[in-house]
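S.K.: Use these hints to put chains H, C and B onto chain W, whose structure you have.
Residue numbers (our numbering), protein chains in the order written: chain W, 1 to 169; chain H, 170 to 720; chain C, 721 to 1337; chain B, 1338 to 1440.
It is possible that part of the hints are untrue.
Stretch by stretch, here's where chain W covers chain C in the computed footprint (C-beta under 8 Å, at least three residues) [unchecked claim]:
{"hint": "1", "segment": "1049 to 1061"}
{"hint": "2", "segment": "1070 to 1081"}
{"hint": "3", "segment": "1085 to 1094"}
No lab work stands behind these hints: they were computed from the structure.
Even for Gly, the Cβ is constructed at its ideal location relative to N, Cα and C.
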Amino acid sequence: MNVNTWLEPIVFFLFAGVVLFSAIGIVLTRNIVRAALFLLGTLGGVAGLYFLLMANLLAAIQLIVYAGGTLVLIVFGVMLTSKSPWVRFAPSRSEAAAATTIGLVLFAALAKIVTGIDWTVAAHPADQPATVRQVGNLLLQQYLVPFEVASVLLLVVMIGAAYLARPEN
Amino acid sequence: MLLAIANSFWMPDLDAVVAIGPLWGLAGTIVAIVLAALVLGRSAAVSSVITIIGATLTAWICFTHAPRVAQSAWAGLAPAGGSPMLLVDNFAILFILLICLFLACVTGLWMIGASTNARESAAHLRNGPEFFVLLVGSAFGMALMVSTTNLLMIILAIEMASLPSYAIVGFQKRNRIAAEASLKYVLFGAVTSALMAYGISLLYGFYGTLDVNEIGRLVSTELAATDTPAAAKALISVALFGLMAGIGFKISAVPFHFWCPDVFEGASIEVTTWLSVASKAAGLGLLLRIIAAVLQPLAETFDNPLSTTVAMFAAVTCTVGNLAAFPQTSVKRLLAYSSIAHAGYMLMAGAIIWQAKPGSDVANPAFAALIVYIIVYLFMNLGAFGCTALVYWATGSEKIEAFRGLGRRSPLIAAAMTVCLFSLVGLPPFGGFIAKFYLLMALFKSNLVWLVAVALLNSIFSLYFYSRIAYAMYFADDGKPAFSVPAFGRALVIAAAIVILLTGIPIAGGLIGRANQFASHLYPIAARTTFAEPQAAAAKDPIPLAARSAP
Amino acid sequence: MSQATIPWIEPVPEKRVAMRRKALLVLFGGGLTALIVGCVMLGVFRALPDQVGTIVFILAGVLPILGGLGLIPLGLLNGSVVLTTLGFAQIGIGALVGGLLKATPIDPLVVGVLLLVIGPIAAGLAMLTAAGVIVAFKQVVQLLLMRWTALILFCGGIVSIILLVWAHAFVFRYVAQLANDTTLNTSATTTFGGDLTIAELSTRFSGNWRPVAFVLWPLQFGLIRDLIAMGGVIGFISIIPLYTIWWERKVAGRIQSRLGPMRVGGWHGWAQSFADGMKLICKEDFVPPEGDGTLFRLAPYLAFVPAICAFIALPFATTYVFRDLDVALLFILAMLGIEVLGVIIAGWASNNKWSVYGAMREACQMVSYEIPMGMALLVPVMTAGALRLTDIAKLQQDGFGSWLAWNNPFCLIAFFCYYTASLASCKRAPFDLPESESELVAGFHTEYSGFRWSLFFFAEYAAMFAVSGLAVILFLGAWYGPLPLSWAPAGNDIASAVVRGLLFDGPILFILKCGLLLYVQIWIRWTLPRIRIDQVLYACIQVLLPLTMLVVLGSTFWLLFDNSAHPAFESFAKVVRGLLSLVGVVISIAIAGFIIFGFVNRRRLVGTLAIEHFPGS
Amino acid sequence: MTSIGLQHYLLLAAALFCLGILTMTLKRNAIGILIGVELILNAANLNLVAFTRYRTGAIDGQIVAVFIILLAAAEAAIAIAIFMNFYNSLATIDVDRADQLQG
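In isolation and in its complexed conformation, chain W is listed as follows:
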């Protein structure tokens, strides 16, 4: 895949715009369903950035697990736990102002740190997307232990969540 030098910025800013727009939307909206919907924008935009970062498999996983699974779960949770669609909540002015200040300061600090470091490139930027086979081999060899632990984790979580969500008979 030849992501061209001049096309890459355009696509990056497009996706970054989507991500930031929806993330700001999440913060500003007072309707929780809309917040969940904005989260779809963020997840989709991040998936797009993964494609740009040569992580095709990860992008697909992000879409299928995050956007298709976790997000549906969250929306489902919203619907089950709110009495009306108008689940609104308004933080007070002072709270909002304080939080925004903290957020801005935090971002300024992080931005200064991140841009202050000379990120020397240790290896060539990967020009080829990581193939499914590469990721699969790594998962089943070097990362076999986390892989197996994750399976136990999912089993336990499934049992726990199913128990908690089940109606008491």
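M.R.: Structure of chains H, C and B alone, referenced to chain W:
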């Protein structure tokens, strides 16, 4: 024949698979509970028995492993050409042993609760298999926490320990307080784990590796070479703050402690007992591993600000825990704050940055002291919570008023409770004293005198609220009738009290000796990180891993 | 007669007249403005010196993008296709201009003429045409509804899309060749060959062919090719539902012993869907006043856009694919999974009890059926060892016997499981609980009308086609015919190409196979009764899930012992495979027996009343 | 036009992180807080993948990202089960209403 098939694929080294035996024990217990529930039907009795058997079996595996591991250079699982994922050395084995022992004790406590027909245990009885799968699942996570130095495994292990814990806190579904406790727990846990993920991503990016030992080496070479720019230092601080948020959440160190009292009060008492000890022990084990890997190499090269930071955290945690315990009327909540305070004491050990001379067999005194402390703390808390549980099941209340006249109504329980309480304060004839003594000695040796003063002052504070319970038991009789408790329960708390008495003086010397031995296994980690490459897979590995170089 | 008292019914004729006036104003005004801008630009570019030209050029790159970014949400929220398309077009133009800036060796004046002059003029003409259609709406409708028009449109549409795709494939291949051509002076720093410049390209063409270079130049960039190809996709997706709906109504009619649509458009109601479409566009655009208006307007697009996106990665033949992703399978599944969000949001935003029930059911159903669906797809994926659909297809080019459905004894069961689960994930009967009209009025789309309502159907039929396409590629020999590809005539002449395309390899075979599976879906819908929601979930979790797990396990072991690298235990492997075959055959026979049992006992199972009118009873 | 490098991605991730923190502090609905957590996890993943492409060259960052996606799913499952449990007893998931336990 099957071997021939196996050879055609990449398989992990058989020795390495055996080396992580204790973890197999716990994972196998989970599977056994699920299978038993599927085959034999959902029976709480069967799953609790399987849990006890599994915990005992795992403890036995630990015992058999310990001498073998002591001989080999290191034991664990380091996959093809990569950093070690699991590091089951004697340090890990000790912690897994403690966790398994405690798991068996908590299961015993659960059985007693179930036999007393308390209202809250009904849900536990009906849904026994789920409860024990979650309990053993969190134990598995804690075992993983103490046996890894890989950032990915750290986050996985913490989640493995946390996610089932959230569920067992809210296990009684009709109980509003339990629901609220689990809500707070899960929200707090999710936030801290997210912070940790962000911190880990920065660490990975900055050092280009996921292995904490490797990071430690890079840190020391980097510091030896030049001054790091301010931005890099800030980045590392942010990253470490994220990482510490995750670990601090598990040990309820102060800025991350808000969940602790609420969760301990809302959860049923077995769960509280479990979380108060096991989760903290595992968190401290992980913290020690990270400190050993990252900070030890720095001990002599520069005056470590991180040591001061950890010391400040420890002092604040300790003081906040003790001060907040003052006005409490619920014993459960009081013990929750006490556990925060004790986390503070134990965190003090993390402030001791100490470097052994190469080749010497002397262990880090901090680690030895901490190991002793955790062992004693386990029994103190088991005893204290066990007594509270027995009183709660008998009287239906966990307020201090319920303890009034306990000295008359149930003298044995009162005696055991007294032993545990004074041991928690750290008074001389009990194990708590020995533990605190070694800790303070270690602090003193490392020139952290102010921390010693803080610890002593705190112990004096804590005497007040612990003795409030003792006072209620012996001097504030309100004439309620005596009650009897299940024999097994009595045996459990008395056994805990006896262990505390034993560790007090009689076997203290032996204990610190063993602890030194274990600690020395943790220590020379830099020497052991030069692993022999696992030969089987290195050749077959089709992926040329790009050479990583230090920034 | 008094004024209607229902509050949300507006005085329709006035509103429509106002809307029409507004649309005409926008279109005529915009078209004329664009024409004038184009002409002025022509003059400007002739007169200006280079420097100023470049500045104008930069502005021309940035402004359309900004405008487009504003227009798209506006268009989406107002349900206006024109605005949306305009927005996309602007972004495309802006990107093109911005990109051309970086291509230093070309003369900005030339490109400026190309884009800033030709672009506005073309846009102006398009807008004027649209305005003309609105003015002469009745005549256009009459033209569309004339005898044979629909048939011609259908055939013409399909053929032209195939031709278009073929032309794209051809041009793209040619451009790729050029980009890798070492005789050209492209910079050879990357493995892909350098970026082509117009100057280099025009050395390839001489005389009157030189303008071709300008057309080919933007095509070397993957994203531009995708933008163009998306046009083809959207065209295809708009044609498929129109005729599938007609076909479904005909089949339903036959199954219910009636004729189905017969009147509109001549032969057997060919143009029925066009008439329906006209009706839908003219309907009142209703938004429930107590609902969440924004989300209500957004939801149909949330369902429709992922369905289109699935086609980005769905190959129609080896070269007939818009983006040959290496994770194509996962991508398509993800897109089909995201579609559910549109349905949920639609139900939620309607603020209607039935809609919310429908949405909840959809969420349950989709989330549970994704698991057996994905697991069943693991079987061909394991066999092929790839997620790239073209790689999986390549395994099946040796004729009927090499199709993956009978690659091992478990594949056919996996196909059965996948097909069942895909019915549920497309909300098709007998799993159409989210919109079951006998219980929930119309489920999640109760409150929808007009164009938005039709978008849900476009999405549904596109998803039906996509899942059928996956089934065809993964199990039924993809775009290869039942005869081995090696028998195909190899010549380059038209005749052998036609024979090859019709019998051995190509998108026509693929579309035919998909059509067959679509027909089966329709057939099942009109013959099987709808099942209850608890039965739906039971069927997934207690039946399909264990079955697919068994199938995946069996298939794994089959592949494990398919390894002929160990002659030492050849006989052992044979025994194991024999046993596995036995298991597979027994399960297949059990499934077949189950179906036959159901058919034999249909009277008892379904109830008597329906059976009296059952064909063949 | 500038060429896109590591810092662009890191800045974007930092912004996402801060917005996640803001979401968590400003939302009173438990699911809102969970959404904030998802934002931070996405920021972490974006960092990891960007580092993988531009800095380390090995793809283990991507693997970590895969695991974090998995953890996010598991966490959301448990969290939403707990929220529903809470909702069953208090008919709300407003975290300000979780005030039974104090002291």
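S.K.: If you look at each residue in the segment 1085 to 1094 of chain C, do at least three have a Cβ nearer than 8 Å to any Cβ of chain W?
M.R.: holds (count 3)
S.K.: Can you tell me if the segment 1070 to 1081 of chain C counts as covered by chain W, using C-beta to C-beta distances under 8 Å and a minimum of three residues?
M.R.: holds (count 4)
S.K.: Report holds or violated for chain W covering the segment 1049 to 1061 of chain C, Cβ cut-off 8 Å, minimum 3 residues.
M.R.: holds (count 9)
Of the numbered hints listed earlier, not one is contradicted by the structure.
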